[in-house]
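Make a model of the complete structure from these sequences and hints.
Number of protein chains: 2
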Amino acid sequence: MANITKKVSWSSRGDDSGLTGEGTPLLNGSEIPKPSRQVSMVSLDYDNIENQLFLEEERRMSPMGFRCLEISRWVICGLIGILTGLIACFIDIMVEKLAGYKYQVIKENIEKFTEVGGLSISLILWAVLNCAFVLVGGIMVAFFEPIAAGSGIPQIKCYLNGVKIPRVVRLKTLVVKVIGVICSVAGGLAVGKEGPMIHSGGVVAAGVSQGRSTSLKRDFKMFEYFRRDTEKRDFVSAGAAAGVSAAFGAPVGGVLFSLEEGASFWNQMLTWRIFFASMISTFTLNFFLSIYHGKPGDLSNPGLINFGRFESDSVAYYYYEIPLFMCMGALGGLLGALFNSLNYWLTIFRIRYVHRPCLQVMEALLVAAVTAAVSFTMIYFSNDCQPLGPERNEEYSLQLFCADGEYNSMATAFFNTPERSVRSLFHYQPGSYNPMTLGLFTLTYFFLACWTYGLAVSAGVFIPSLLIGAAWGRLCGILLASFTPTSPIWADPGKYALIGAAAQLGGIVRMTLSLTVIMVEATGNVTYGLPIMLVLMIAKIVGDYFQEGLYDIHIKLQSVPFLHWEAPATSHWLTAREVMSSPVTCFNRIEKVGTIVDVLSNTSTNHNGFPVVSRLELTQEKNPAKLCGLILRSQLIVLLKHKVFVELARSRLSQRKLQLKDFRDAYPRFPPIQSIHVSQDERECMMDLTEFMNPTPYTVPQDTSLPRVFKLFRALGLRHLVVADDVNRVIGLVTRKDLARYHLGKHGLEELQLAQT
Amino acid sequence: MANITKKVSWSSRGDDSGLTGEGTPLLNGSEIPKPSRQVSMVSLDYDNIENQLFLEEERRMSPMGFRCLEISRWVICGLIGILTGLIACFIDIMVEKLAGYKYQVIKENIEKFTEVGGLSISLILWAVLNCAFVLVGGIMVAFFEPIAAGSGIPQIKCYLNGVKIPRVVRLKTLVVKVIGVICSVAGGLAVGKEGPMIHSGGVVAAGVSQGRSTSLKRDFKMFEYFRRDTEKRDFVSAGAAAGVSAAFGAPVGGVLFSLEEGASFWNQMLTWRIFFASMISTFTLNFFLSIYHGKPGDLSNPGLINFGRFESDSVAYYYYEIPLFMCMGALGGLLGALFNSLNYWLTIFRIRYVHRPCLQVMEALLVAAVTAAVSFTMIYFSNDCQPLGPERNEEYSLQLFCADGEYNSMATAFFNTPERSVRSLFHYQPGSYNPMTLGLFTLTYFFLACWTYGLAVSAGVFIPSLLIGAAWGRLCGILLASFTPTSPIWADPGKYALIGAAAQLGGIVRMTLSLTVIMVEATGNVTYGLPIMLVLMIAKIVGDYFQEGLYDIHIKLQSVPFLHWEAPATSHWLTAREVMSSPVTCFNRIEKVGTIVDVLSNTSTNHNGFPVVSRLELTQEKNPAKLCGLILRSQLIVLLKHKVFVELARSRLSQRKLQLKDFRDAYPRFPPIQSIHVSQDERECMMDLTEFMNPTPYTVPQDTSLPRVFKLFRALGLRHLVVADDVNRVIGLVTRKDLARYHLGKHGLEELQLAQT
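Protein chains in written order, with full-length UniProt numbering: chain E, 1 to 757; chain D, 1 to 757.
The hints are simulated quantities; they were obtained by calculation from the structure and are not laboratory data.
Think of the CB as a built atom: it goes at the ideal place given N, C-alpha and C, for glycine as much as any other residue.
Please note that a few of the clues may not be correct.
[To be verified] Here are a few chain E residues that sit away from chain D, every Cβ distance over 12 Å (derived from the structure):
no.	residue
1	Leu79
2	Arg350
3	Tyr353
4	Ala369
5	Met436
6	Ser514
7	Thr527
8	Pro583
9	Ala666
10	Phe670
11	Val700
[Stated by the list, open to error] Reference listing, derived: stretches of chain D covered by chain E, where coverage requires no fewer than 3 residues with Cβ under 8 Å from a Cβ of chain E:
no.	segment
12	376-387
13	568-576
Shown next, in the form of structure tokens:
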């Protein structure tokens with residue numbers, strides 16, 4: 001029988017407004033410390049708040065007007081694609097330049113000191129250079145914009161899901177993110193530059209689609225129609241897709257990523273626009289990189305990471321290899337769960353002890369120095385020398401103690417940007433690495449990557465995961481080949497590297513459909529679709545048994561009321577009556593200004609949406625009364641700011657009629673109630689909410705089961721759902737947080753505590 | 001200003017039940033004749049009808065039970081994939097065998113008579129062989145299962161959209177479809193075998209997921225939980241995806257096809273399962289074909305159509321070619337619109353005059369004979385001789401009047417299965433065709449294909465479209481090359497053939513996202529993504545200006561209440577009050593059996609869903625009363641059949657309590673009311689609907705705008721939506737048909753007449 005195993009009651013019960021991220025979710029049964037910085041999240045409303053003003057505007061608009069809007073949407077998506085592609089291009093070139101310069105300097109230094117002795121000086125040089133880059137990136141992130149830390153994928157996932165973490169789509173965040181990611185990759189950390197592209201794409205989209213920048217205080221008076229949550233969300237999902245597309249050269253993968261993470265309601269035209277943005281983004285990147293590389297017209301660099309081409313003929317797989325691949329998938333799931341668990345405990349530790357910005361920067365510096373030291377030691381003690389082939393010319397190959405015409409094989413893995421290391425693991429000839437090198441590399445890089453994720457630097461986890469997986473995958477391939485030395489089919493360890501990379505990445509991030517398509521597009525080979533899919537599936541199943549995905553862990557640690565795809569399977573016996581908040585603060589259709597100001601100023605409740613009721617004067621009972629609309633805090637604030645008051649004598653005080661434009665201008669940074677001054681006289685005035693409220697909010701009866709309420713929320717993107725009794729009186733209000741509390745644990749339905757403390 | 005330009009009032013206003021396909025939509029302003037066969041459509045309910053029985057079952061189920069259900073879903077998807085792959089394999093092998101035999105016989109005959117004279121005998125032989133095949137296929141379709149005609153894609157689109165055309169997912173339909181498509185392809189018609197695979201996949205899914213076959217009267221007592229519309233729809237979308245996947249070797253394309261056409265509510269796990277079915281399907285096909293071709297383990301036949309591999313190096317495109325591609329897209333749109341218009345008029349003609357089965361078979365025979373005659377004539381008068389190269393060995397090359405060591409180039413296009421013709425247009429060396437040959441071929445094949453689509457044979461339009469496009473695309477390539485003889489980049493007309501094929505197909509079917517991905521996967525080359533996308537986009541925009549897509553035309557001609565993605569843009573001023581049906585037939589919570597039987601038997605209204613109301617005995621007013629539930633005709637029929645009556649004395653007559661199983665056993669072929677005998681005594685009994693009705697139907701206030709109602713329908717898959725007033729009394733009911741009536745025409749909002757006459 002389903003039952004709630006952990007029920008935590010709470011004292012103060014708020015609405016979804018100002019969801020503070022300082023909750024204490026019960027994850028694995030242990031109390032989690034509060035994050036040091038309070039992150040106050042905002043629920044987004046993707047249901048169209050249609051009020052009379054909006055309907056009037058729509059009615060005035062001609063079919064031609066709608067067509068123009070549609071064209072603007074396409075133009076915006078094109079712009080998003082171009083800008084995202086340009087940002088990716090900028091990051092790529094800067095990283096190449098800086099890393100190339102760094103490796104060149106260190107290489108010359110090492111070569112000099114290999115002969116004369118005293119390689120410890122090279123080590124110090126390497127560590128200092130790394131630390132210098134990481135210092136810049138760390139300071140930017142820790143002091144200027146902490147939200148730019150990490151890959152930004154959890155934040156974008158939350159945004160598309162309907163929870164906005166403040167400052168996540170601001171211009172400043174974008175600038176810090178871009179500089180930060182350049183610094184951390186050039187600084188030699190075990191990070192990738194791909195994840196942050198998704199965040200960058202989202203910020204670009206949020207900026208372009210609004211036709212203004214609040215940070216730069218410029219309003220281009222364009223695209224004003226799109227200044228609301230629904231439209232902005234659609235563009236942000238296009239931006240995220242464009243980011244994926246530029247990062248991996250995977251436009252279809254980008255579209256699927258956006259859909260998998262965000263779009264609850266699939267719309268053909270929207271998807272098509274998202275695809276357009278993705279295509280433009282990868283094309284722009286390709287175009288400019290081809291010019292930069294001096295080969296204009298050669299469209300062979302569709303993404304930041306280029307896995308190189310897997311030709312079907314040389315690396316075909318056979319169906320009897322599929323069980324082997326599946327075992328690798330299981331291994332990937334196990335290693336992924338280990339990675340996530342370690343990172344989870346590390347994050348708890350960081351929340352508890354490493355919360356001051358200067359401490360965070362110091363930790364980042366420590367990691368940078370340790371990374372350099374470990375890499376150097378591994379290379380120094382490695383005696384895996386390989387002959388220099390023609391394919392090595394573009395790499396930074398180190399000779400070190402090897403004979404002339406040979407290079408140190410460990411150095412191709414460590415002394416390189418991670419993207420290039422992945423590519424060499426995929427494509428180098430059999431025999432380019434010896435098993436010992438790969439084993440040691442996997443081990444050290446695993447712990448380095450795990451330590452690095454969550455530092456106060458902008459960095460992605462995709463490439464390190466791929467690199468770890470490619471290393472142990474190639475190792476598997478070599479071992480298999482050594483068991484069956486006569487059979488030619490095991491000849492190519494590159495394909496095992498690919499499968500290993502997929503397994504490890506799948507085990508860590510637990511993405512499925514989109515990741516399959518991304519991998520297929522990045523390898524440029526459709527025939528690997530089936531094994532990659534199976535591997536990702538197995539990795540997810542095995543991994544989920546032990547631990548959640550990395551992004552989900554970080555989302556949960558922030559106490560975000562994240563709504564999954566469906567209500568927990570065993571929740572049919574819960575009804576709206578049990579999940580709703582009650583009693584609800586309602587307003588009258590014509591309400592006293594003083595009452596409104598008082599309710600909005602009440603910080604203990606901090607409600608965000610208010611049912612509007614019409615109370616018959618005759619009835620003596622105070623509450624409840626008949627529902628006739630729903631109004632948001634943000635709308636009330638705009639009304640108060642513009643003083644749309646009615647004197648008791650019913651003549652309008654306000655000079656001009658409030659228009660939709662006034663709401664759009666204030667979007668999305670509505671001022672707090674404290675900044676609005678209302679005089680004592682004005683408090684006695686009345687406000688007529690009729691024109692501004694949504695006159696037809698969705699309601700459900702109180703016996704509606706949780707799955708039905710959930711579906712309504714998820715499919716329509718609701719923020720508030722009114723629960724009404726059989727004569728349409730308000731008896732409760734369901735918000736996102738009320739639904740996000742329930743989840744299916746190992747022992748049945750569990751209830752998380754997501755409320756403020 | 002938005003306004004309804006064409007408003008047609010109707011006399012009898014029914015519910016969505018028994019939607020007869022004999023409406024007279026006003027398409028292009030002309031009255032359309034009724035189709036001869038009445039097709040009575042059924043709306044599907046994708047909103048979970050949760051009643052007390054269902055909730056009790058869910059409550060009894062343990063978390064482990066839900067896990068088992070989830071595993072069964074995966075198993076079913078695997079089975080769907082395997083079976084669909086096997087069917088594709090069977091079709092492929094049969095077509096190859098039969099067509100190979102046919103072409104061999106004719107070739108020998110032609111060779112014989114080329115020397116001795118009297119080729120007219122060969123022509124007659126060709127025509128007779130074609131007619132023989134088409135006769136078998138035509139009789140099967142016209143006499144046994146008319147629903148198996150055509151590609152079945154419009155029918156599957158309707159099913160996924162929520163309208164079931166009867167017999168569309170039956171086993172008999174599948175058998176007729178498979179045999180029919182083998183006959184029509186082997187019979188040399190201008191058709192493909194790919195479209196029908198989508199329908200076949202859907203039927204397989206509908207059968208497997210229900211764990212029984214009503215046609216074979218076998219119930220395996222499995223998967224009983226899935227016997228309802230929502231679950232079945234999910235599996236059918238997986239089946240359709242598996243069909244696409246097997247047809248084109250495009251698993252991702254299959255998933256996107258299903259989503260584009262069907263899934264209004266995107267669910268991660270569902271999508272993942274659909275992807276699984278697609279992957280298994282293409283793998284199964286690949287596996288068995290590789291064994292059949294004697295090369296086990298060689299996984300290079302992922303689909304029925306194999307476009308051959310476009311290697312990036314040899315056929316790279318340059319960005320300055322993109323405008324040229326876009327012009328070809330516009331041409332494709334124009335030609336597509338022309339094709340659709342011709343086919344539209346032809347279909348009208350057929351509905352009017354060719355409605356008897358024997359006439360339909362005769363038309364099919366005529367087309368088969370004409371196709372043979374035209375092909376023969378074209379080959380006979382062609383003097384385009386080309387030298388035999390090594391790549392020709394697998395084709396049926398005709399020497400005819402060419403010199404020894406040469407073959408007739410026109411014959412590679414006509415004397416071949418269409419799939420092989422497409423492949424040769426894509427990949428043969430420059431110079432393999434002369435422009436005259438291609439021009440004539442395009443022209444004749446265009447009209448043949450247009451005439452063929454809509455015949456009473458199972459046949460797809462994908463391959464003929466691709467073939468027409470590839471022919472004129474290659475022609476464009478050759479012409480361009482002749483303008484710039486010195487430049488090497490125009491050297492390969494194959495890539496222009498590919499772009500032309502995409503443009504023509506896009507112009508005819510107007511699919512966008514999924515078609516791009518299908519084309520990319522079928523060519524095995526990701527770099528062509530951008531040009532193919534742009535071409536499809538332009539083709540759609542240009543085509544839509546003149547005429548709708550082919551499938552949409554055929555859906556409209558059947559008066560299906562098809563819901564598009566969004567409500568028309570200019571419909572914000574319409575409210576639920578204006579679109580709803582009113583007054584509504586309601587039942588009391590405890591209702592007299594006689595009343596129920598009378599209402600259900602009333603053929604003039606033919607309602608399908610009934611609000612259940614609780615009427616206070618005190619109130620004298622008859623109607624309306626408070627809403628307390630919603631019950632479906634099908635549920636009432638099961639109740640009547642099992643005689644779940646309550647005597648007036650309130651003791652139960654029924655021996656056993658009705659269980660969910662009884663409803664599931666009756667699904668989906670609920671008996672008609674006429675077949676249920678209710679005695680005069682029983683008519684006086686009462687029925688208590690409380691346990692069986694959905695106690696929490698979704699409701700909207702009467703002022704809700706059409707777009708909001710529409711979104712609710714589309715996102716939740718509703719069939720009925722109750723419109724309630726401010727005290728929760730029923731004042732109307734919105735059904736799918738009420739919403740499908742409105743669409744945006746050239747002059748603003750138009751209202752179609754979809755009602756029965």
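Now the hints, each set against the structure:
no.: 1; hint: Leu79; verdict: holds, 17 Å
no.: 2; hint: Arg350; verdict: holds, 30 Å
no.: 3; hint: Tyr353; verdict: holds, 36 Å
no.: 4; hint: Ala369; verdict: holds, 41 Å
no.: 5; hint: Met436; verdict: holds, 33 Å
no.: 6; hint: Ser514; verdict: violated, 10 Å
no.: 7; hint: Thr527; verdict: violated, 6 Å
no.: 8; hint: Pro583; verdict: holds, 20 Å
no.: 9; hint: Ala666; verdict: holds, 23 Å
no.: 10; hint: Phe670; verdict: holds, 24 Å
no.: 11; hint: Val700; verdict: violated, 7 Å
no.: 12; hint: 376-387; verdict: violated (count 0)
no.: 13; hint: 568-576; verdict: holds (count 4)
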